[in-house]
Amino acid sequence: MADEPNVHQPKTDIAPGYTFGTVTDQIASVVLTRRTPFFWYAAFGAGLVLLLLFLLAVGVLFVKGTGIWGLRTPVMWGFAITNFVWWIGIGHAGTLISAILLLLNQRWRNSINRFAEAMTLFAVACAGMFPVLHLGRPWLAYWLFPYPNTMGVQPNFRSPLVWDVFAVSTYATVSLMFWFVGLMPDLATLRDRTHNRLARFAYGILAMGWRGSARHWSVYETATLLLAGLATPLVLSVHTVVSFDFTIAIVPGWHTTFLPPYFVAGAIYSGFAMVLALAIPLRSIYGLQGLITDRHLDNSAKVMLATGLIVAYAYILETFSAWYGGNTYEQAMVWHRMTGPYAVSYWSLMLCNILAPQALWFKRVRSKPVFLFISAIVVLVGMWLERYVIIVSSLAQDFLPSSWSIFQATRWDWATYIGTIGLFLFLFFLFIRLLPMISIFEVRTLLPSAKVEEEAES
Amino acid sequence: MIKPIYGLMAEFETPTALVAAARAAREKGYRKLDAYSPFPIEELTDALHLHHNKLPLIVLLGGIVGGLAGYLLQYYVTVVYFPINIAGRPLHSWPSYIVIAFETTILFAAISAVLGMLALCGLPMPYHPTFNVPRFALASRNRFFLCIESRDPLFDRASTIEFLETLEPREVSEVAP
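If you read the sequences in order, they're chains R and H.
Those letters in the first sequence? Residues 1 to 458, by the numbering used here.
Those letters in the second sequence? Residues 1 to 177, by the numbering used here.
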């Protein structure tokens with residue numbers, strides 16, 4: 001068979017020239033041996049400073065209460081829920097890459113899934129802050145869960161807000177487990193590669209004695225597939241449940257059936273934007289262009305474009321159904337969004353989410369990392385504005401004009417929001433420093449030499 | 001007196017060599033053997049006949065238990081323990097229970113997948129005889145190992161070394177228990 005011409009050139013998912021050894025060494029050296037670059041200190045430091053701002057804002061909130069935010073009747077959800085929905089949406093791309101693309105056998109995902117999963121985890125951590133802080137008495141957050149108590153009361157399971165508690169906490173738990181299971185073989189690699197006794201002990205404990213046995217690999221592969229199969233409906237359900245917080249209410253602009261798919265598409269849209277915003281600087285700082293190739297950026301940009309078009313369709317449908325439905329309040333809501341006090345936010349979000357991403361149709365734009373980075377940031381801003389407009393404009397002007405009131409964000413609103421970006425950066429760069437940011441064992445399987453050559457049956 | 005050993009380990013440079021060696025060892029009649037590689041190899045699973053494991057069943061049971069637990073919890077709370085009339089809806093308002101029952105199904109199934117995987121692998125196991133082979137550290141980098149354990153009925157130190165040498169390994173070493 002060997003003299004047959006090689007008709008089908010297999011497409012490589014990473015740059016040619018890598019071996020098992022060099023892949024391992026290049027990824028592990030970021031954690032183990034290489035000097036920490038200045039960029040890491042700058043980004044981690046910025047994260048730390050903003051994290052301190054977050055702690056200050058939370059401290060003031062604990063002392064004075066939610067009145068320090070711009071929450072006034074009727075806009076009682078304001079920034080807190082906007083930020084919650086924005087962050088949780090960002091997390092969704094990580095699960096999409098790690099679970100859905102695994103089930104679809106998209107092997108290029110192997111070099112971006114690890115840090116995308118970490119992104120999910122930290123985005124969910126940031127998201128979780130907001131509903132809890134928004135409770136007013138956050139130290140009583142455990143009242144959200146059903147548990148036997150002397151008060152003799154229980155949560156109302158007919159409320160979507162309680163569904164949200166279960167959906168988000170399940171999502172956080174499953175994402176953490178999926179991420180940790182994926183890390184085990186790489187932790188074993190770090191354990192075997194490090195010369196530092198403390199690091200060997202720490203990685204050794206975390207790797208749980210992983211030794212790459214074929215028996216273990218076979219169970220491990222089953223476990224990964226099953227977890228991916230479980231995480232796929234989970235990720236779609238989480239943002240659906242988040243959208244139920246809105247759709248089950250009768251507020252104009254919220255009470256529609258297409259909000260769940262619209263929210264899920266928006267989540268993946270913003271999540272891929274965050275993946276690009278993180279991957280582009282990281283790969284150039286750490287010289288990982290051979291592993292996170294231009295093809296990865298190109299694919300992520302295409303997913304962003306596709307989900308962006310779904311989101312654009314949802315915006316058009318929202319306007320159309322308000323007009324076609326003939327409901328006065330829905331029509332007034334759309335009119336208020338377009339021309340009212342939030343018109344600037346509304347038209348900026350149209351610009352950021354619909355118009356700007358159309359540039360991604362062009363190969364020349366998608367092949368320039370700088371352009372991709374800029375459009376990712378534009379999409380992140382646009383998606384934040386979208387959530388802001390949905391939540392705030394619907395609440396500010398609902399049925400009765402006498403109860404209308406305009407939401408004004410205070411400096412503490414901004415401090416808490418920017419503070420969670422600090423928390424995210426802090427956790428993310430800690431992860432970059434301490435754990436392999438690319439899944440080493442999954443990248444090994446991408447190498448041509450990983451293929452077992454079968455001898456021709458005689 | 002000869003000290004007892006855990007087994008004999010052969011080192012290979014490519015996955016193809018390891019799979020071929022594993023097949024040869026099975027054909028020779030060895031059954032207590034294990035292969036070690038830095039990434040999962042589908043063909044190796046075939047060669048060692050490892051395809052069946054109980055994990056899917058464990059996950060299925062976990063999911064069923066989770067779904068029932070989530071549904072019954074809500075039923076118990078809203079119908080028995082803390083019944084409140086909200087807008088005249090029936091106490092057993094099952095459509096509202098679907099979301100939480102779904103989430104607990106996924107949660108319990110995922111926890112069973114992780115704990116079941118660890119249990120079936122016998123992890124965490126901080127000590128294992130294979131770690132005594134100095135070159136075994138490369139099993140998590142770029143080398144492939146086949147270990148025939150001394151508890152195999154066919155195991156005989158001299159003849160097994162001889163057999164492993166015929167597989168053209170890079171090196172054969174004894175594994176201290």
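Mixed in with the good hints there might be a few duds.
[To be verified] Okay, derived cross-link-like pairs now, DSSO-like style, lysine-lysine, Cα gap no bigger than 30 Å in a straight line:
(1) K3(H) - K28(H)
(2) K54(H) - K64(R)
(3) K451(R) - K3(H)
(4) K368(R) - K302(R)
(5) K32(H) - K451(R)
(6) K32(H) - K3(H)
(7) K54(H) - K28(H)
(8) K54(H) - K32(H)
(9) K363(R) - K302(R)
Hints listed in this document are in silico derivations from the structure and should not be mistaken for laboratory results.
All values derive from a computational prediction rather than experimental measurement.
Here is what the structure says about each hint:
1. With a CA separation close to 26 Å, the supplied pair K3(H) and K28(H) stays within the 30 Å bound.
2. Between K54(H) and K64(R) the CA atoms are separated by roughly 55 Å; this puts the pair beyond 30 Å, and the hint is violated.
3. A threshold of 30 Å between alpha carbons decides the hint, and for K451(R) with K3(H) the separation of about 39 Å lies outside it, so the pair is violated.
4. Proposed proximity of K368(R) and K302(R) is supported: the alpha carbons are some 14 Å apart, at most 30 Å.
5. A C-alpha spacing of about 26 Å is found between K32(H) and K451(R), which places the hinted pair at or below 30 Å, so the restraint holds.
6. In summary, the hint linking K32(H) to K3(H) is supported, as the alpha carbons are separated by about 20 Å, within the 30 Å threshold.
7. Distance hint between K54(H) and K28(H) is fulfilled; the C-alpha atoms sit about 28 Å from each other, no more than 30 Å.
8. Proposed proximity of K54(H) and K32(H) is supported: the alpha carbons are some 20 Å apart, at most 30 Å.
9. The hinted pair formed by K363(R) and K302(R) meets the criterion: a straight-line CA distance of about 10 Å does not exceed 30 Å.
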